[in-house]
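Asker: Each protein sequence line maps, in turn, to chains A and B. With the working numbering applied, the first sequence closes on residue 365, and no number is skipped along the way. With the working numbering applied, the second sequence closes on residue 490, and no number is skipped along the way.
Hints are computed from structural coordinates only; laboratory data are not their basis. Small disclaimer: the values here were computed from a predicted structure and weren't measured. Hints may be right or wrong, so weigh each one.
Stated by the list, open to error - Just so you have them, the derived chain B footprint on chain A, three or more residues with Cβ under 8 Å:
{"#": "1", "stretch": "58-67"}
{"#": "2", "stretch": "319-325"}
Unchecked claim - Label pairs and their computed distance ranges (CB to CB):
{"#": "3", "chain 1": "A", "residue 1": "F48", "chain 2": "B", "residue 2": "K348", "range": "54 to 62 Å"}
{"#": "4", "chain 1": "B", "residue 1": "G390", "chain 2": "A", "residue 2": "S320", "range": "33 to 41 Å"}
{"#": "5", "chain 1": "A", "residue 1": "I40", "chain 2": "B", "residue 2": "G144", "range": "30 to 38 Å"}
{"#": "6", "chain 1": "A", "residue 1": "L137", "chain 2": "B", "residue 2": "G144", "range": "45 to 53 Å"}
What the hints assert, rightly or not - Chain A is nowhere near these chain B residues, computed Cβ spacing over 12 Å in every case:
{"#": "7", "residue": "H209"}
{"#": "8", "residue": "K224"}
{"#": "9", "residue": "E304"}
{"#": "10", "residue": "E345"}
{"#": "11", "residue": "G354"}
{"#": "12", "residue": "D410"}
We put the beta carbon where it would ideally sit given N, CA and C, even for glycine.
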Amino acid sequence: MFYRENGQFKSSYRADQQIFPIAQDRLAILVLLLVAFIVVPLGVSDYWMRAILTPFLILSLAALGLNILVGYCGQISLGTGAFMAVGAYAAYNFQVRIDGMPLIASLLLGGLCATIIGVLFGIPSLRIKGLYLAVATLAAQFFTDWAFLRIQWFTNNSSSGSVSVAGLNVFGVPIESPVQKYLFCLVFVVVFALLAKNLVRSAIGREWMAMRDMDVAAAVIGIRPVYAKLTAFAVSSFIVGVAGALWGFIHLGAWEPAAFSIDRSFQLLFMVIIGGLGSIMGSFFGAAFIVLLPLFLNQLPGWLGFSISTALASHLETMIFGALIVFFLIVEPHGLARLWSTGKEKLRLWPFPH
Amino acid sequence: MKLKSLALTAALVAGTVGTLLAPSLAQAQAKEQFFPLLVYRTGPYAPNGTPWANGKQDYIKYVNATGGINGVKIAYEECETGYATDKGVECYERLKGRPGVTLFDPQATGITFALTDKVPTDKIPLITLGYGLSASQDGSVFKWNFPLMGSYWTAADILVQHIGKKEGGMDKLKGKKIALVYHDSPFGKEPIPLLQERAKQNGFELSLIPVTAPGVEQKSAWLQVRQSRPDYVLLWGWGVMNSTALKEAVATGYPREKMYGVWWAGAEPDVKDVGANAKGYNALALNTSGTEPKVIQEILKQVHDKGQGTGPKEEVGSVLYTRGVIIQMLGVEAVKRAQERFGKGKVMTGEQVRWGMENLALDQKKLDALGFSGVLRPVSTSCQDHMGSTWARVHTWDGAKWGGMSDWYQADEQIIKPMVKVAAEKYAGEKKLTRRDAADCSS
Numbered sequence: 012m013f014y015r016e017n018g019q020f021k022s023s024y025r026a027d028q029q030i031f032p033i034a035q036d037r038l039a040i041l042v043l044l045l046v047a048f049i050v051v052p053l054g055v056s057d058y059w060m061r062a063i064l065t066p067f068l069i070l071s072l073a074a075l076g077l078n079i080l081v082g083y084c085g086q087i088s089l090g091t092g093a094f095m096a097v098g099a100y101a102a103y104n105f106q107v108r109i110d111g112m113p114l115i116a117s118l119l120l121g122g123l124c125a126t127i128i129g130v131l132f133g134i135p136s137l138r139i140k141g142l143y144l145a146v147a148t149l150a151a152q153f154f155t156d157w158a159f160l161r162i163q164w165f166t167n168n169s170s171s172g173s174v175s176v177a178g179l180n181v182f183g184v185p186i187e188s189p190v191q192k193y194l195f196c197l198v199f200v201v202v203f204a205l206l207a208k209n210l211v212r213s214a215i216g217r218e219w220m221a222m223r224d225m226d227v228a229a230a231v232i233g234i235r236p237v238y239a240k241l242t243a244f245a246v247s248s249f250i251v252g253v254a255g256a257l258w259g260f261i262h263l264g265a266w267e268p269a270a271f272s273i274d275r276s277f278q279l280l281f282m283v284i285i286g287g288l289g290s291i292m293g294s295f296f297g298a299a300f301i302v303l304l305p306l307f308l309n310q311l312p313g314w315l316g317f318s319i320s321t322a323l324a325s326h327l328e329t330m331i332f333g334a335l336i337v338f339f340l341i342v343e344p345h346g347l348a349r350l351w352s353t354g355k356e357k358l359r360l361w362p363f364p365h
Numbered sequence: 048m049k050l051k052s053l054a055l056t057a058a059l060v061a062g063t064v065g066t067l068l069a070p071s072l073a074q075a076q077a078k079e080q081f082f083p084l085l086v087y088r089t090g091p092y093a094p095n096g097t098p099w100a101n102g103k104q105d106y107i108k109y110v111n112a113t114g115g116i117n118g119v120k121i122a123y124e125e126c127e128t129g130y131a132t133d134k135g136v137e138c139y140e141r142l143k144g145r146p147g148v149t150l151f152d153p154q155a156t157g158i159t160f161a162l163t164d165k166v167p168t169d170k171i172p173l174i175t176l177g178y179g180l181s182a183s184q185d186g187s188v189f190k191w192n193f194p195l196m197g198s199y200w201t202a203a204d205i206l207v208q209h210i211g212k213k214e215g216g217m218d219k220l221k222g223k224k225i226a227l228v229y230h231d232s233p234f235g236k237e238p239i240p241l242l243q244e245r246a247k248q249n250g251f252e253l254s255l256i257p258v259t260a261p262g263v264e265q266k267s268a269w270l271q272v273r274q275s276r277p278d279y280v281l282l283w284g285w286g287v288m289n290s291t292a293l294k295e296a297v298a299t300g301y302p303r304e305k306m307y308g309v310w311w312a313g314a315e316p317d318v319k320d321v322g323a324n325a326k327g328y329n330a331l332a333l334n335t336s337g338t339e340p341k342v343i344q345e346i347l348k349q350v351h352d353k354g355q356g357t358g359p360k361e362e363v364g365s366v367l368y369t370r371g372v373i374i375q376m377l378g379v380e381a382v383k384r385a386q387e388r389f390g391k392g393k394v395m396t397g398e399q400v401r402w403g404m405e406n407l408a409l410d411q412k413k414l415d416a417l418g419f420s421g422v423l424r425p426v427s428t429s430c431q432d433h434m435g436s437t438w439a440r441v442h443t444w445d446g447a448k449w450g451g452m453s454d455w456y457q458a459d460e461q462i463i464k465p466m467v468k469v470a471a472e473k474y475a476g477e478k479k480l481t482r483r484d485a486a487d488c489s490s
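Modelling step: build the complete structure from the supplied sequences, incorporating the hints.
Answerer: Here it is, written out as structure tokens:
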């Protein structure tokens, strides 16, 4: 009733190919963006901005990157943490070694370095696939862990192996307060989400999906596997690298390789699986589920007035979280994004959905 | 089915939105000095993190039971970090806004690094007793960091001094082989610059053997030890890494008498599992253990006997428990000192506590009055020196308990001071900070 496209006629190819062909969707996204850009900075506490929304945005970006590789191109990767680390350390090196390097440029260059490493570790995907490839990308994880721990040059000879950045600014505007950090990340996320959405709708995106669904058939109809797979690795690791740089620069401020450990890779893979493989929206749902839910579970006993020990709260958090993952995957194996689209379908037929 | 799960999603979303409102409700109360407690009671570092956290909490309960800080009651809340930097940052952001927030003790070197950049803007002091950034001893660059009672550089220096003394003079160290088996993280890497400096001056050969965090996998490290047969092994571990290292040493046949741990590798959880096999293992001691000190007796009487103790009663007075008590005592004393200047019986702000921390003057008399006689040496900080004391001892595990306390050692100023200065200078250069001037020091 409220969500119906009756009477919305498209008279040009342009109109037919919009990202959001239905007017209600366009309106909803507009409202969402207005809320994110204006209402949230005005009305949300610093804690939420800094400790919840900023990490949520950055991890959504990383999940988005991974989703292109895993969800759209079907190449399972466990090296996401590694590509994030490459992005972060490369951006750090550009920042400290080149005087007056603009922040955005070093973040993007960090992403570019991650692209190179990503393509390098993506080469095995030409010969192996599925779980075997996952193991091959695992090598990237171990290699970067080793490199950033052992090779002093990457950490600018920091004696402790921990690096930190300070005095961030964009065109003279400092990126220090929670609002500034939040908005900075938000701009990155919005721009990258838009680019990614358009990429997966374009010819290259179709090639990725053809590769995912049946690589032999795709090759037969004239898609070059080398090109399709490596571009997926390149785009994915670029986005993941930028997300890694943001995680180090904006969220942590100082970091060590442990910030991009294998746990991070798993976390991101879970986000993509729970959020929805092959869905831009799903990346956000997945990130929200994995970032927000543990925090919520952790603080819930306190709000309800139960005083339980910190250790028990922490164990409960892990247990309930694990159970919920299993529950969601049983109820909807295609992830939260599918739930969302089912909901939309029902709304279109409202009040008599079937 | 679909509808049901949709309803569930909706409920979850609603719940999350509800949390938006909750923090603002919690901010209503005040009039209490709030101590945020970052802890890790889960994960690979839990065996060591737990007694430490219990000690901190019990001392707060003890202070509250005896009337608070000049009448000001202490409030506290724990937040589980699991030793992870990002969780620690989240905890910090969650708790820093509470009314009456006093100081943070991150309990992890990685979290300390991340918070060091954040505390100057939030104006909350950071207390890192015996860990954290070694260079932060220089208070004129690190205005908000307080590595009280020692850093990894003083620890490494004291260990070298002790080994030198055992050998019969520092000149006897020439040609000796010393291996550093360390946790491969900022925590384990901090002592390296000092040991390299010492190796240059005293002529011993230093080999560095990293162990990947969390340290349960050490086979290759001890293979290296077996091959190179160093004269001494310095153990820079934390949590499960320590007991694993001792087990590996037993398996390798490396004499435990020649192993020296940092003070984070010298508590009961580290040796308990190995028991009698670890006999002869040495470690630095920042503080005593046991239930003899008056303050521990008081905690047992005022807190545990009333059934309000935090952990098991048998753990009271263990090495890390006592260290937790000391950390909390120093925090409370900083508040007291601040109250002397800014008004007794008032809740101190982070900035005022920072002043108190910078002007700590705990002489023997005060320590005795607090019940800490013999537990630690006097601590007195200043604007230049945020450490206040670099004294430590070495104790030995006799198979059942820690004992055989050595004499007190003090870190060699002639080595530490220039290194701290250079490192602080480098930090200030990177962050484009200027040294605090005299006026800022007296503020």
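Asker: Each of the hints needs a verdict: does it hold here or not?
Answerer: For each hint, the structure was consulted:
1. 58-67: holds (count 6)
2. 319-325: Held - the stretch 319-325 of chain A has 5 residues with a Cβ nearer than 8 Å to chain B, which meets the minimum of three.
3. A:F48 to B:K348: 54 to 62 Å: Holds: the Cβ-Cβ distance is about 58 Å, inside 54 to 62 Å.
4. B:G390 to A:S320: 33 to 41 Å: Holds - the Cβ-Cβ distance for G390 (chain B) and S320 (chain A), about 36 Å, lies within 33 to 41 Å.
5. A:I40 to B:G144: 30 to 38 Å: holds, 32 Å
6. A:L137 to B:G144: 45 to 53 Å: Between L137 (chain A) and G144 (chain B), where Cβ atoms are some 52 Å apart, the hint holds.
7. H209: holds, 23 Å
8. K224: holds, 22 Å
9. E304: holds, 30 Å
10. E345: holds, 24 Å
11. G354: holds, 15 Å
12. D410: holds, 33 Å
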